[in-house]
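Take the given structure of chain A and dock chain B to it, following the hints.
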Amino acid sequence: MEARPIAELRAVTKRYGVVTAARGLNLSIRPGEFLSFLGPSGCGKTTALRMLAGFEQATEGEVLIDGRVVNGVPPYLRPVNMVFQQYALFPHMNVAQNVGYGLNQRRPRPSRAEVAAEVERALQMVRLAGFSDRRVWEMSGGQQQRVALARAIVNRPKILLLDEPMAALDKKLRHEMQIELKSLQRELGITFVLVTHDQEEALSMSDRVCIMDHGQIAQIGTPEDLYDRPQSRYVADFVGRSNFIPAWVMGMVGDHIRAEGPEGLSFTARTGAPLTIGTEILLSLRPEDIQLALAGAPDGHPMRITHRIFLGEHTEYHLSSSAIDHLVTVVPRGADAVLRNLTVGTEVAVCWREGAPLALTRD
Amino acid sequence: MRLYVIAVYLFLYIPIGIIALFSFNAGRHAAQFAGFSTQWYGKALDNPFVIDALKTSFTVAMTSALLATVCGTLAAVALQGIRGRLRMVYDALIYMAVMVPGIVIGIATLITLVTVFDTLNPLLATLFGGKAPPQLGLGKGSLIAAHGLFTMALVIVIVRARLQGMDRTLLEAAADLGAPPMRSFVQITLPQIAPAVLAGFLLAFTFSFDDFIVAFFVAGSETTLPIYVFSSIRRGVTPEINAIGAMVMAASLVLLITAQMILRPRKR
Numbered sequence: 001m002e003a004r005p006i007a008e009l010r011a012v013t014k015r016y017g018v019v020t021a022a023r024g025l026n027l028s029i030r031p032g033e034f035l036s037f038l039g040p041s042g043c044g045k046t047t048a049l050r051m052l053a054g055f056e057q058a059t060e061g062e063v064l065i066d067g068r069v070v071n072g073v074p075p076y077l078r079p080v081n082m083v084f085q086q087y088a089l090f091p092h093m094n095v096a097q098n099v100g101y102g103l104n105q106r107r108p109r110p111s112r113a114e115v116a117a118e119v120e121r122a123l124q125m126v127r128l129a130g131f132s133d134r135r136v137w138e139m140s141g142g143q144q145q146r147v148a149l150a151r152a153i154v155n156r157p158k159i160l161l162l163d164e165p166m167a168a169l170d171k172k173l174r175h176e177m178q179i180e181l182k183s184l185q186r187e188l189g190i191t192f193v194l195v196t197h198d199q200e201e202a203l204s205m206s207d208r209v210c211i212m213d214h215g216q217i218a219q220i221g222t223p224e225d226l227y228d229r230p231q232s233r234y235v236a237d238f239v240g241r242s243n244f245i246p247a248w249v250m251g252m253v254g255d256h257i258r259a260e261g262p263e264g265l266s267f268t269a270r271t272g273a274p275l276t277i278g279t280e281i282l283l284s285l286r287p288e289d290i291q292l293a294l295a296g297a298p299d300g301h302p303m304r305i306t307h308r309i310f311l312g313e314h315t316e317y318h319l320s321s322s323a324i325d326h327l328v329t330v331v332p333r334g335a336d337a338v339l340r341n342l343t344v345g346t347e348v349a350v351c352w353r354e355g356a357p358l359a360l361t362r363d
Numbered sequence: 001m002r003l004y005v006i007a008v009y010l011f012l013y014i015p016i017g018i019i020a021l022f023s024f025n026a027g028r029h030a031a032q033f034a035g036f037s038t039q040w041y042g043k044a045l046d047n048p049f050v051i052d053a054l055k056t057s058f059t060v061a062m063t064s065a066l067l068a069t070v071c072g073t074l075a076a077v078a079l080q081g082i083r084g085r086l087r088m089v090y091d092a093l094i095y096m097a098v099m100v101p102g103i104v105i106g107i108a109t110l111i112t113l114v115t116v117f118d119t120l121n122p123l124l125a126t127l128f129g130g131k132a133p134p135q136l137g138l139g140k141g142s143l144i145a146a147h148g149l150f151t152m153a154l155v156i157v158i159v160r161a162r163l164q165g166m167d168r169t170l171l172e173a174a175a176d177l178g179a180p181p182m183r184s185f186v187q188i189t190l191p192q193i194a195p196a197v198l199a200g201f202l203l204a205f206t207f208s209f210d211d212f213i214v215a216f217f218v219a220g221s222e223t224t225l226p227i228y229v230f231s232s233i234r235r236g237v238t239p240e241i242n243a244i245g246a247m248v249m250a251a252s253l254v255l256l257i258t259a260q261m262i263l264r265p266r267k268r
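If you're matching them up, the sequences are chains A and B in order.
Note that this note's numbering has the first sequence beginning at 1, numbered continuously upward.
Note that this note's numbering has the second sequence beginning at 1, numbered continuously upward.
In isolation and in its complexed conformation, chain A is listed as follows (with noise of 0.2 Å):
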């Protein structure tokens, strides 16, 4: 059996007016997991998380935390707390008042020495021992997201949330938060809700993600499971890229189903549930699961190439053929020298493996 949820929100729909923010959200966040909302602006994710935190309360349906149903308890007895996106830090605080500040709200009030030694704990924990009498404004922004961070947990809270934390560092600093939050949060056994627009972001530190789609839950899942089983259209364009080709179902053959596509291509294809013969389906075809060879290879389709785009580690190609007229694949650096400085124009061959494509319903 699963252990009990540490908080779920239970059909809850939030509107502004007439604006829905979310609607009908079902989410169970395991105890202990890292779980991640990832979407494009406005698509509910910042709302369910200020959800959790209380800052806003739902419309309809329920939030519950720790099995507690919490409509209406407002953010300061909830037990959760939050890094800002811009951090949020007291400007009139030193980095100790700033940690402690949590510490300092619950009654009975804790000794200062108590303070103290816990602050001084969460700041090794983020790396920033010996920081204490600093004042914020005076450190870097990797350093007050840190303090953000320490302020956070030194309350040990039952659910750790971030509101894009990492939004303002720049890319390098941003590779080695993730990292450095990963570890805190393994090491800490906390639960980590956090919201990002960041598909790496999300795809590289979450056990599980939520994809939102206009105030809804398009889909949860492992970050594998969105990348390799993506139900619509929507999450295979926002997890990683894809090709979408139309096709019509022309049969089974075992698990696979048998498709045909412009111009009388046949696919074999991999399908999440049982498609009946005749149904329009589109074929998801991940560039990197394209082989490209040059023309006049043996069961290839010709394509031609449009554009080449050297990426460092991968040189990207875009083909167009009759049948399909855009195509994207990559190269990748270890690949054939020839293969890897096609010109425009050239005329190649592609092909993929039988099964690579998944067969998603339109919508």
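It is possible that part of the hints are untrue.
Pair by pair, the computed Cβ-Cβ distance ranges are [as the list claims (entries may be wrong)]:
| hint | chain 1 | residue 1 | chain 2 | residue 2 | range |
| --- | --- | --- | --- | --- | --- |
| 1 | B | Met96 | A | Val18 | 29 to 37 Å |
| 2 | A | Val69 | B | Leu93 | 53 to 61 Å |
| 3 | B | Cys71 | A | Arg109 | 25 to 33 Å |
| 4 | B | Phe212 | A | Gly72 | 49 to 57 Å |
| 5 | B | Leu74 | A | Arg109 | 24 to 32 Å |
| 6 | B | Leu198 | A | Asp207 | 47 to 55 Å |
| 7 | B | Val8 | A | Arg109 | 58 to 66 Å |
| 8 | B | Ile107 | A | Val69 | 53 to 61 Å |
| 9 | A | Arg109 | B | Val5 | 56 to 64 Å |
| 10 | B | Met182 | A | Arg30 | 30 to 38 Å |
| 11 | B | Tyr90 | A | Glu280 | 55 to 63 Å |
| 12 | B | Met96 | A | Gly72 | 37 to 45 Å |
| 13 | A | Gly72 | B | Gly81 | 16 to 24 Å |
| 14 | A | Arg30 | B | Met96 | 14 to 22 Å |
Not the full set, but computed from the structure, chain A residues with beta-carbon under 10 Å of chain B [unchecked claim]:
| hint | residue |
| --- | --- |
| 15 | Gly72 |
| 16 | Val80 |
| 17 | Gln86 |
| 18 | His92 |
| 19 | Ala96 |
| 20 | Leu103 |
Hints in this document: simulated from the structure, not taken from any laboratory.
We treat Cβ as the ideally placed atom computed from N, Cα and C, and that holds for glycine.
Below, chain B without anything else, positioned relative to chain A:
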């Protein structure tokens, strides 16, 4: 263009400069400079009427500024919670209160106070029966009320500006860390707006201390410093008046400059 600017500044500051200069006049007459002396400062500070007026002015300015600061700050914080069109209406009303001419405020306050007193005095008389009922009338109380009212608008405007510049997520962070609203107001909001509150207080004090028009209407038998100066002028401008003027101006300038310095954006 440059000449024009210089001319404007000269025009603005020459009269003030003359007052300051003539306050050091050794002679009796305000118009002829007869050597340097500080005797009029001594004379002014020895004059019991001046000292009385100064005491009244100080008490009124202090009390009304305190009242205006407390009420104005609370009003500004409350206004911050109002959104949308209603807020625009409130904002417009506050700015109007700042801009209404002193004479209008003076007359309006006088009429309101007199009406209220006329209604309340008989009521008090009945309440207290035969035993000497307290009589409400114009005086220090009405001065404080009138000054408190018109300087409050000033405090609201200043504190509002600071509140608007304050990061709202700080309050969310405080709440998230377990601080109920009252505590986060004291621990987070107040320290953030403290400079504006202090500057508002100084400005309110200065405005009340310097005010003549409103005081003229509601002072009753009380004499504030500006009222004293006005009534003395009718007996001719003496260097003593100049000395008082110079002192009031110096005090006001110090307060205004202090307020300016406090309000200047800090480097972060």
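Here's how the hints hold up against the structure:
Separated by about 34 Å at the C-beta atoms, B/Met96 and A/Val18 satisfy the suggested range of 29 to 37 Å. With their beta carbons about 43 Å apart, A/Val69 and B/Leu93 fall outside the hinted range of 53 to 61 Å. Checking the proposed 25 to 33 Å range against B/Cys71 and A/Arg109 shows it holds: the Cβ atoms sit about 32 Å from each other. A hinted range of 49 to 57 Å for the beta carbons of B/Phe212 and A/Gly72 is consistent with their spacing of about 55 Å.
For the pair B/Leu74 and A/Arg109, the beta carbons lie near 27 Å from each other, so the given range of 24 to 32 Å is met. Taken as a hint, the range 47 to 55 Å holds for the pair B/Leu198 and A/Asp207, whose Cβ atoms sit roughly 51 Å apart. Restraint check, B/Val8 to A/Arg109: a C-beta distance of roughly 60 Å satisfies the suggested window 58 to 66 Å. The beta-carbon spacing between B/Ile107 and A/Val69, approximately 60 Å, falls within the hinted interval of 53 to 61 Å.
The supplied range of 56 to 64 Å is met by A/Arg109 and B/Val5, whose beta-carbon atoms lie about 60 Å from each other. For B/Met182 and A/Arg30, the Cβ-Cβ distance of about 37 Å falls inside the hinted range of 30 to 38 Å, so the restraint holds. A hinted range of 55 to 63 Å holds for the C-beta pair B/Tyr90 and A/Glu280, which are about 58 Å apart. Taking 37 to 45 Å as the suggested C-beta distance range, the pair B/Met96 and A/Gly72 conforms, at roughly 39 Å.
Separated by about 19 Å at the C-beta atoms, A/Gly72 and B/Gly81 satisfy the suggested range of 16 to 24 Å. A/Arg30 and B/Met96 have their C-beta atoms about 58 Å apart, which leaves the hinted 14 to 22 Å range violated. Interface hint status for A/Gly72: violated, as the beta-carbon distance to the closest one in chain B is roughly 14 Å, over 10 Å. At a threshold of 10 Å, the smallest CB-CB gap from A/Val80 to chain B is about 8 Å, leaving the interface hint in force.
Satisfaction of the interface hint for A/Gln86 is found here, the shortest Cβ-Cβ separation to chain B being roughly 6 Å, below the 10 Å cut-off. Hint status for A/His92 relative to chain B: holds, with the closest Cβ pair at about 4 Å, below 10 Å. A cut of 10 Å between beta carbons decides the hint on A/Ala96: the least distance to chain B is about 14 Å, and the hint is violated. Evaluation of the A/Leu103 hint against chain B yields a held restraint, the C-beta minimum of about 9 Å falling below 10 Å.
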